[in-house]
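Chains A and B supply the protein sequences, listed in that same order.
Per this note's numbering, the very first residue in the first sequence carries number 1; after that it's consecutive.
Per this note's numbering, the very first residue in the second sequence carries number 1; after that it's consecutive.
Since the hints were derived computationally from the structure, they do not count as laboratory data.
Mixed in with the good hints there might be a few duds.
Claimed, not checked - Once the Cα atoms are required to be at most 25 Å apart in a straight line, the calculated SDA-like pairs of lysine to any residue come out as:
1. K157(A) to G154(B)
2. K170(B) to T24(A)
3. K157(A) to K126(B)
4. K184(A) to T36(B)
5. K126(B) to Y237(A)
6. K146(B) to I251(A)
7. K146(B) to I175(A)
8. K118(B) to Q159(A)
9. K146(B) to D128(A)
10. K157(A) to P228(A)
11. K170(B) to D239(B)
12. K157(A) to K118(B)
13. K146(B) to K170(B)
14. K84(B) to S107(B)
15. K66(B) to L106(B)
16. K184(A) to R91(B)
17. K184(A) to E161(A)
18. K146(B) to V81(A)
19. K118(B) to R86(A)
20. K66(B) to W12(A)
21. K199(A) to Q172(A)
22. K146(B) to A154(A)
23. K184(A) to A51(A)
24. K66(B) to H105(B)
25. K157(A) to T36(B)
26. K146(B) to D81(B)
27. K66(B) to T36(B)
28. K66(B) to K184(A)
29. K170(B) to L190(B)
30. K118(B) to L183(A)
31. K157(A) to A125(B)
32. K146(B) to Q181(A)
33. K199(A) to R86(A)
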Amino acid sequence: MTGLLAIWPRAWPRERRSTATIFTAAVLLVAFMWGLGRLLAYAPEPIGPAADQFAQGTLVTLELTLISGLLGVLFGLLAAVCKLSRFAPLRWASGLYIWVVRGTPLITQIFFVFFALPEIVPGLELSDFNSAVAALAVNVGAYNAEAIRAGLQAVPKGQSEASRSLGLSPLQTFIHVVAPQGLKISLPPLVNNIVALLKDTSLAYGIGVVELFNQGNRLQAATFLPVPTYVTAALIYLALTTILTQVSDAIEARLDVEQRH
Amino acid sequence: MTTVPTPTPGPRQPLITAEQVNKHFGAAHVLKDVSTCFFEREVAVIIGASGSGKSTFLRTLNRLEKHDGGRIVVDGIELNDSVKNLDAIRREVGMVFQQFNLFPHLSVLDNVTLAPRKVRGTPAAKARQEAMELLTRVGLEDHALKHPHQLSGGQQQRVAIARSLAMQPKVMLFDEPTSALDPEMIKEVLDVMKDLAREGMTMIIVTHEMTFAREVGDRILFFDHGQLLVEAPPAEFFDNQRNDRIRAFLGQIVH
Numbered sequence: 001m002t003g004l005l006a007i008w009p010r011a012w013p014r015e016r017r018s019t020a021t022i023f024t025a026a027v028l029l030v031a032f033m034w035g036l037g038r039l040l041a042y043a044p045e046p047i048g049p050a051a052d053q054f055a056q057g058t059l060v061t062l063e064l065t066l067i068s069g070l071l072g073v074l075f076g077l078l079a080a081v082c083k084l085s086r087f088a089p090l091r092w093a094s095g096l097y098i099w100v101v102r103g104t105p106l107i108t109q110i111f112f113v114f115f116a117l118p119e120i121v122p123g124l125e126l127s128d129f130n131s132a133v134a135a136l137a138v139n140v141g142a143y144n145a146e147a148i149r150a151g152l153q154a155v156p157k158g159q160s161e162a163s164r165s166l167g168l169s170p171l172q173t174f175i176h177v178v179a180p181q182g183l184k185i186s187l188p189p190l191v192n193n194i195v196a197l198l199k200d201t202s203l204a205y206g207i208g209v210v211e212l213f214n215q216g217n218r219l220q221a222a223t224f225l226p227v228p229t230y231v232t233a234a235l236i237y238l239a240l241t242t243i244l245t246q247v248s249d250a251i252e253a254r255l256d257v258e259q260r261h
Numbered sequence: 001m002t003t004v005p006t007p008t009p010g011p012r013q014p015l016i017t018a019e020q021v022n023k024h025f026g027a028a029h030v031l032k033d034v035s036t037c038f039f040e041r042e043v044a045v046i047i048g049a050s051g052s053g054k055s056t057f058l059r060t061l062n063r064l065e066k067h068d069g070g071r072i073v074v075d076g077i078e079l080n081d082s083v084k085n086l087d088a089i090r091r092e093v094g095m096v097f098q099q100f101n102l103f104p105h106l107s108v109l110d111n112v113t114l115a116p117r118k119v120r121g122t123p124a125a126k127a128r129q130e131a132m133e134l135l136t137r138v139g140l141e142d143h144a145l146k147h148p149h150q151l152s153g154g155q156q157q158r159v160a161i162a163r164s165l166a167m168q169p170k171v172m173l174f175d176e177p178t179s180a181l182d183p184e185m186i187k188e189v190l191d192v193m194k195d196l197a198r199e200g201m202t203m204i205i206v207t208h209e210m211t212f213a214r215e216v217g218d219r220i221l222f223f224d225h226g227q228l229l230v231e232a233p234p235a236e237f238f239d240n241q242r243n244d245r246i247r248a249f250l251g252q253i254v255h
């Protein structure tokens, strides 16, 4: 499917087309969130009367995605830096984190945070929403860690050698030279992880978070009309992932520009 | 070309001293008991076949490679595991690489100002002004706002030299600075280096450019299988070479 990137004048430089695409996608997302409830209200039974619930569920889905996505990038950055550390215990800790999280099902992690964690850590009572955010962030963080690690390692060794021989400290070298280049390389897989995360937020339904899938499910249970309810939920997910994919395509196109030179 | 007299060991303090420097890469013994001194305002040219250890030796002088035996003292500070010593030395020792290693995400100007601002704490405006002076010196003042990928190889290498000079180093190390360049760009880089030598910069240069070595060098160091085989003034080295091995090496090189 061709995306937003292709609609701009061919005379525009790639970078401008990329910026225009990201900007348009952001506007589309806001417009979509604003118009969704109003639009669905015109739909026939059983969707029309439940338009507000769908809109509310979509908002929760988006909140889950954005909050755990942001936290997940931070966790990923931290774990990636630890994985590349010269200090062995940090490498082991990071390796253990990535191994456990990627080797166990997400739904197990969500249930673990919600049901098991309060038993292990008395007094820690997270709400269903916060439990889902914690589990999703930890989960996507492990995948982000590998994307970021690969990006940082793709920066040629000569870059840090040049920086160090100019007298910049290891930390300054990381902040000013390696991280900006490495994170740029990591951006496309990071955005892909966020798109996957958007769909994975539906698993929060298991601990009672009333997000988009849960709303659809509740409506189905009340109306016994599985076709319209699940189709509506699926279409909303599809719209959201389509918008996010435009952003990731635009970022990849922008990177391509510099790699050609 | 240079008016700098050939330095003679003696009362003059060397800027860099290497004593019995050894280096291994796994089982390979790549530097064997290398001892020499480099003096202020001297242009020393290191030559030798690929794999002779000449680049590795140059890289030990600012600890991009750790030596595993012997002593290296730069400007009175010994190179060891002390990070403080290392940072102090690296501020004084500039390095120019075969692959330029400009920072591709920064403009030419930012490439040059980064280290003065972050390491020396030079205010941005002053760093920018000094950078523009350096870029003018290497003939690239019109390219200050471009990114490295918009420049030719020769231009990139000249920016790399300006970037190094911005830290006002006491000595500049050049690791095969023209080996990655197209032939027509080699001259513009060598010309910048000749100017530097004329102005009295202390330089240690690993190169295959024999004409340049003869013209600009005060002393030629020849590396062979990890050993510093011969060091001699260029006239003696090139015109009156008695070592068969070096004669064979020079015979293979296009002058």
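Status of the hints after comparison with the structure:
no.	hint	in the structure
1	K157(A) to G154(B)	holds, 21 Å
2	K170(B) to T24(A)	violated, 53 Å
3	K157(A) to K126(B)	violated, 30 Å
4	K184(A) to T36(B)	violated, 44 Å
5	K126(B) to Y237(A)	violated, 53 Å
6	K146(B) to I251(A)	holds, 22 Å
7	K146(B) to I175(A)	holds, 22 Å
8	K118(B) to Q159(A)	holds, 16 Å
9	K146(B) to D128(A)	violated, 52 Å
10	K157(A) to P228(A)	violated, 55 Å
11	K170(B) to D239(B)	violated, 31 Å
12	K157(A) to K118(B)	holds, 20 Å
13	K146(B) to K170(B)	violated, 29 Å
14	K84(B) to S107(B)	violated, 30 Å
15	K66(B) to L106(B)	violated, 29 Å
16	K184(A) to R91(B)	violated, 29 Å
17	K184(A) to E161(A)	holds, 20 Å
18	K146(B) to V81(A)	violated, 31 Å
19	K118(B) to R86(A)	holds, 24 Å
20	K66(B) to W12(A)	violated, 50 Å
21	K199(A) to Q172(A)	violated, 37 Å
22	K146(B) to A154(A)	holds, 24 Å
23	K184(A) to A51(A)	violated, 40 Å
24	K66(B) to H105(B)	violated, 29 Å
25	K157(A) to T36(B)	violated, 29 Å
26	K146(B) to D81(B)	violated, 38 Å
27	K66(B) to T36(B)	holds, 17 Å
28	K66(B) to K184(A)	violated, 31 Å
29	K170(B) to L190(B)	holds, 20 Å
30	K118(B) to L183(A)	holds, 21 Å
31	K157(A) to A125(B)	violated, 30 Å
32	K146(B) to Q181(A)	holds, 17 Å
33	K199(A) to R86(A)	violated, 36 Å
When each numbered hint is compared with the structure, violations occur for hints 2, 3, 4, 5, 9, 10, 11, 13, 14, 15, 16, 18, 20, 21, 23, 24, 25, 26, 28, 31 and 33.
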